[in-house]
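J.: Listed below, chain by chain, are the residues.
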Amino acid sequence: MKRFITLLLMLGILLSCTSCLSIDTARSNSDISIYLFEQDTATRQSVEKFNLGRQKGKINIQTVAAERIEDYQNALLSDLSNGKGPDIIMLYPSYIDSLAQYLNLDVFYDLNALIKDDKAFKLDDYADRVIDCGVKDGKRYLFPLAYTVEALFSTEEILKTHNLSIDKRVLSLEDMLALSKSFKEAQNGDMFINALPSMGYINHFVDPLTQTASFDNEEFKMFMEQYQALHQSVTVVAENSWDLSLLPQGRVALLNLPIYGVHSTLLPYQLYDKAVSDPVLLSYSPWGQEGNAIATPSVLVAVNKNCANKEAAFEFIKTLLSTDAQMERGQIDGIPVNWEAYEEIKEDSSNRISASTGGIRDEEALRRLTTQLDEIIKGDLICRIQDPGVGNIISKELMNYLAGSKTKEAASKDMQDRVNSYFKGIPSPEQTPTPTPAAPRNVTNLTLHYMEDQLFVKNAIRYFNDSHTDVQIKGTMHSSKDIENFKTMLTTSVMAGEGPDLLVYRPNLFNSLTKTMATGAFADLNPLIEGDPSFDTSAFYPEVFNAGVFNDKRYFIPLYYEISTLVTSKTSLSSLALTLDEAGWTMNELKDAIHNYKASNPSGSQYFFDHYMNFLSLLRSSGLQLVDYQNKTTSFQSKGFIELMVLYKEIAPLVPSLDTELSLGLTPVLLRDNVVRMIYLDPQKPSYLARNNAIATSYLGDDFVIVPFPTYEAGAKYPVRLFDVVSINAQCQDQQAAFDFIKILLSEEIQKTKTSHGFYNDTSGMPVNRYAYLNEIEELKAPSNNVGLIAVSNGVETTSVKSIPLTDEVADMAMGIINHMAPPIHLDQEIENIISEGLQAYLSGKRTAEQAAKEIDEKVSLFLNE
Amino acid sequence: MSIIIKRSLSQGIRKLFVYTVLVLAAILLLFPIITMLCNAMMESREVIEAYAFLGSGVKIEGNIGLKLIPDKVTLIQYYNVLFRKPTFLMMFWNSVIITVPIVVGQIVVSVLGAYAFAKLKFPLREPLFFTYIIVMLMPFQVTLVPNFIMLRQLKLLGSYAAVILPGIFSTFGVFLLRQFMVQIPDEYCEAAKMDGAGYFFTFFKIILPQCKGAVASLAILVFIDNWNIVEQPLIFLDNASKYPLSVFLSQINLSELGVAFACGVLFMLPALLVFLYGENYLVEGIQHSGLK
Amino acid sequence: MKKQHSHGPFLKLKTKEALAGLGFALPSLAGFGLFFVVPFFLSLYYCFTEGIGDMRFVGLKNFQSLFQSSSFRLALKNTLRFTVLSLPLIFIVSLSFALILNTKMKGLPFFRSLFILPLVIPVASVILVWQIVFHDKGFLNTVLSFWGIPAIDWLNSENALAILIMLYIWKNCGYNMILLLAGLNNIPKEYYESARIDGAGSLLCFWKITLPYLAPSGFFVLVISIINAFKVFRESYQLAGNYPHQSIYMLQNFMNNNFHNLSLQRLSTAALLMLIIIGLLVSFLFRIEARMRRNLS
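Chains as they are written, first to last, in our numbering: chain A, 1 to 866; chain B, 1 to 292; chain C, 1 to 297.
Keep in mind that the hints were calculated from the coordinates and are not lab data. Quantities reported herein were computed from a predicted structural model and do not represent experimental measurements. Errors might be hidden in some of the hints.
[Said to hold, decoys possible] According to the in silico footprint, chain A covers these stretches of chain C (three or more CB under 8 Å from chain A):
1) 68 to 78
2) 232 to 246
3) 249 to 260
A virtual CB, placed ideally from N, CA and C, is assigned to each residue, including glycine.
Kindly produce the complete structure, drawing on both the sequences and the hints.
T.: This is the structure in structure tokens:
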């Protein structure tokens with residue numbers, strides 16, 4: 001009996017598993033393809049979710065690199081016209097030159113056929129006015145996934161002053177005209193709107209999908225006249241056009257800002273502390289269609305007619321349209337078409353904004369804005385897919401007219417002709433003959449593994465692959481969730497004589513960097529450097545650059561580093577009787593300062609540091625040499641270390657926890673109000689330096705100063721801490737090419753904050769390339785590079801300060817510290833763990849300082865002798 | 001008369017003693033399971049609160065101890081695990097895909113091999129058996145890298161076979177069964193041989209039925225062992241979607257305390273069921289005795 | 001020990017048996033060779049080399065530096081200590097329970113099942129529960145505080161070894177007990193009956209009948225116990241970290257740490273040494289078992 005029951009149970013479990021996995025029925029067999037941009041994470045996530053557990057009918061992604069828009073278009077068009085092309089087509093109207101080209105190819109499959117067969121799919125769930133934008137002659141070729149709305153920000157006061165009803169959500173062209181006239185008279189204002197909307201107006205006259213246009217008529221000419229009148233009332237303003245504070249200042253009546261999603265209605269408001277207390281959200285209607293706001297789809301999806309597995313493709317579209325996926329997309333691409341997702345985001349946005357404003361802001365006003373957006377979206381919308389080709393023609397001719405070089409009649413006629421021929425005469429993209437496969441080149445592939453927050457690697461890979469034909473680098477990224485698995489894989493494959501050819505990592509990736517290097521698993525880079533006369537090592541800070549040398553062999557090259565610094569105020573320093581000159585300060589001075597501070601603040605309600613302060617940072621910067629790897633000796637029982645532990649025990653109560661600090665407020669505010677005295681900052685790479693300068697100046701004026709961490713010995717230099725480093729595997733077949741890649745990583749182009757194409761080389765450390773650092777510092781001193789606002793946030797509260805150019809004084813402060821840097825003191829991750837554990841035991845009182853130091857000593861000895 | 005009373009008294013005392021010892025032992029042994037079950041019925045928040053002291057750097061005053069009685073009994077943890085995390089079921093399935101072939105394979109290979117080592121004399125039998133045992137004693141860290149190289153040569157790396165095949169040929173099964181088969185008196189085999197039976201017949205009809213208990217034990221032990229392997233799948237499988245549940249569970253750290261207990265219970269369930277299912281065979285085998 | 005018969009029919013029999021033996025053992029031998037023997041020789045090779053980038057042959061240098069390493073010596077000492085303490089202990093405990101459960105009292109099958117349960121619990125959950133119990137503010141210390149005894153630092157003191165042994169016994173005695181039970185049941189009841197008729201007491205029965213007949217299972221249990229002693233270190237790392245208190249730093253810690261630090265050769269050398277020691281121990285037990293078995297038949 002018992003056996004029978006257990007057997008049943010087991011079968012039951014097995015059955016439930018299999019049933020949960022059979023998402024996909026046995027019908028679909030073949031895989032389907034899709035082309036995706038690298039940064040299209042929303043779609044990528046949906047694909048991954050779709051593929052999960054699916055053995056057949058999976059989606060294969062072909063990735064297009066971020067700035068390769070040309071390539072994307074060309075590939076898409078030529079593949080589609082050749083009858084190949086992706087099975088699922090993602091269309092971004094802003095990335096394509098011409099919609100008509102795609103329509104003319106006639107490759108889109110009528111989705112209505114698939115929708116009809118699927119009982120579970122309800123069109124009602126989606127924004128009705130928007131989803132039909134892809135329907136032509138009753139056939140649904142394209143399905144929008146998200147859309148944007150053109151929004152105008154104003155205030156109730158402005159509307160009232162100029163006789164416009166605050167309940168009218170959508171302004172017509174006449175309304176705009178009236179407002180502009182009234183504004184000009186009353187305010188003598190220089191601007192009534194920051195940017196004149198244009199394309200939306202023409203919607204009445206042209207429909208890119210049905211390919212109809214009618215410009216050569218009286219109606220259009222009347223529009224042109226009115227538009228011209230409007231145009232004359234606008235002056236272009238050089239200032240930051242996100243600045244909502246211009247509204248109550250009376251300098252502008254309307255601000256034209258795009259709505260990329262629900263959150264962006266609230267974003268301008270969020271950044272400006274009480275600048276506007278009565279905001280109003282409006283939209284405008286196309287000519288001749290009063291009351292209809294304009295929506296533009298930002299991303300559409302279609303199914304290729306030649307797709308072999310349309311059921312799976314439709315399943316995927318349903319995944320894209322599911323509430324979860326739409327909620328993701330609603331953060332990036334625009335307002336989601338899925339109503340449920342929209343409602344969820346709306347709810348979530350107001351909650352999030354309310355929370356982040358900490359109750360300081362006007363929640364009422366925020367809620368009003370959300371309601372107003374709701375009215376616009378749920379009102380009458382006209383949704384047309386933009387065709388940039390048509391748009392170009394129209395704006396060109398319109399400009400001609402506005403500038404006076406063509407008459408109304410001439411301009412409108414030309415417009416009509418050109419658009420007509422555009423629709424008809426577009427030569428179908430040349431049947432690009434399938435290129436005869438070139439004689440297969442011997443391409444060596446180098447593998448590179450890196451971590452997720454190292455964007456500069458991606459940029460460097462692109463540079464390398466573009467400039468090398470016979471070697472290509474294939475990069476694999478690992479996220480921080482993945483790290484443990486990756487470490488095990490890495491150690492095993494390296495020991496087995498394999499592993500990636502190139503590795504970009506942080507020293508704490510390996511439990512013991514020194515032991516790993518000692519095995520010789522990574523190549524000695526010295527021969528490569530010596531063999532390359534064009535490589536100038538003087539371009540790099542030697543203390544950092546040479547940190548990868550062990551026993552005269554160079555196993556890695558550091559790319560970024562940090563010198564730990566603190567920001568404090570001059571008044572604090574003087575009240576603590578600290579004089580910080582060129583030579584920095586010592587641990588003893590810190591100890592005295594802490595004692596004095598505690599003596600004068602016995603209540604203990606004040607803090608000294610912010611929550612980032614920790615023992616290991618103090619230890620690393622102290623300059624204490626505690627481990628001798630060569631001779632396998634340790635000196636944790638030395639006076640210096642024990643004193644440091646004792647000092648830290650005194651400091652610990654003066655360091656607030658993260659929660660406490662968040663409840664007290666924003667960190668710069670705390671510094672200003674002397675709630676804390678010293679803040680431990682992120683590495684002072686140029687962009688952060690400028691940013692911190694702006695924030696500190698805004699709150700502390702001239703009073704702030706950047707100081708290094710204290711050292712154990714007086715006048716000692718400041719040990720750096722290594723961030724990202726790069727190594728070549730000793731087994732790598734083409735070390736010369738790998739070294740070329742390293743040179744790219746070290747070049748100014750990649751070491752700067754942004755490449756010359758404007759892509760971010762996101763990393764948190766300071767560049768080892770001194771020219772990258774110095775040149776960027778100079779750039780940041782220029783006023784033109786410092787516009788806009790900087791958000792200051794601790795995750796709970798947000799506010800903003802104006803950006804200012806970097807001053808010489810602050811730059812010199814930072815330079816002074818850099819000029820005093822010392823090589824890093826290597827502490828393996830394993831050793832740091834042991835130290836932390838020992839410290840914990842001491843802080844919690846389980847051990848005395850001497851006992852804790854002794855235990856650390858023993859354990860580290862154990863480690864060294866293994 | 002008094003002797004009889006005395007004997008029944010001493011019997012009674014002995015029984016009492018035995019039962020007490022057993023109950024105490026049972027509590028000690030069951031203690032973690034009970035903890036798991038109770039904690040799996042609490043809400044995530046409660047669990048995290050109760051065991052927050054495990055995190056380092058958290059300052060808690062006083063002692064906390066163990067929380068056995070939930071403030072509110074709820075099955076939400078199970079719900080979270082099964083439905084909110086879709087990967088759970090997939091990994092469960094992966095565990096099954098890996099473990100079942102290993103169990104079946106090892107049993108088949110082992111009965112054949114054990115018979116040979118126990119009853120058939122062939123050259124180098126004893127030294128070979130000795131090496132079987134020795135090799136089994138090597139810790140996995142040592143064989144990991146050579147295995148990696150081996151599997152790479154065989155082009156098996158990354159597929160399930162990389163984990164399953166080494167598992168099937170583990171020498172544990174041969175070892176266990178050989179010890180049992182050795183206990184079966186040789187007279188059986190002699191008798192069969194007299195009757196003209198071939199080796200295979202002897203094996204199938206005579207030895208095998210007597211080993212039911214041992215085979216059942218083997219199945220249970222192999223199942224439990226392989227249900228819990230972590231390092232080999234981690235290294236030899238190339239895709240996170242192929243990982244079995246044991247890997248996932250080993251990575252549940254304090255950040256996921258909320259579902260850790262429910263996960264543990266669900267993970268334990270199949271092993272438990274297998275044991276319960278096979279237990280009768282086990283008992284049968286144990287109770288079978290005598291020369292018949 | 002093999003008798004070299006040169007008589008015709010006998011030879012044929014022996015060869016036939018040998019062939020049959022090899023045939024039956026073939027699948028096992030093939031797999032064993034491929035997945036165990038070859039890797040073993042590979043790691044043997046590593047013992048005599050150095051470096052990963054370019055492996056050089058260095059002869060006995062690895063062995064030399066191993067013995068010079070204080071960490072290795074500590075690990076070796078601790079492992080031997082642990083083994084010497086825990087093996088007899090677990091054997092006695094398992095045997096006692098097996099004997100108790102071998103009688104025909106009510107409810108015993110239930111207890112039998114119970115004993116297996118610790119094996120079934122996944123490792124991660126075991127760790128979690130044991131962490132809770134032995135933490136500074138955990139269960140045991142709370143109980144002690146009720147009686148006014150100050151908290152004991154369980155894992156970071158000399159107590160650590162005791163705890164590890166307890167963990168080991170807790171987890172594995174069920175396993176061993178079942179095997180010993182099976183072994184006990186294979187001893188024909190008639191032997192006991194005839195012994196009792198001859199007037200032997202239970203102690204004598206135990207020494208002369210139970211133990212000798214238990215030899216094969218007993219040997220098996222001992223060997224498995226050694227293996228499990230190494231497996232318990234999976235729990236040990238997670239409980240006490242890579243560098244625990246001095247008294248529980250074992251060979252497994254040594255090897256695992258070297259693995260993570262890519263010291264492949266060090267690892268292999270230590271493993272080889274360990275294998276040699278265990279090999280000696282096992283061969284010793286093996287010989288005793290063989291002798292006891294021979295005495296019976």
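J.: If a hint holds in the structure, say so; if it does not, say that too.
T.: Tested hints:
1. 68 to 78: Contact hint for the segment 68 to 78 of chain C vs chain A: holds, 5 residues under 8 Å.
2. 232 to 246: Per the Cβ count (4), the hint holds.
3. 249 to 260: This one holds; 6 residues, not fewer than the three required, reach chain A with a Cβ under 8 Å.
Of the numbered hints given earlier, the model fails none.
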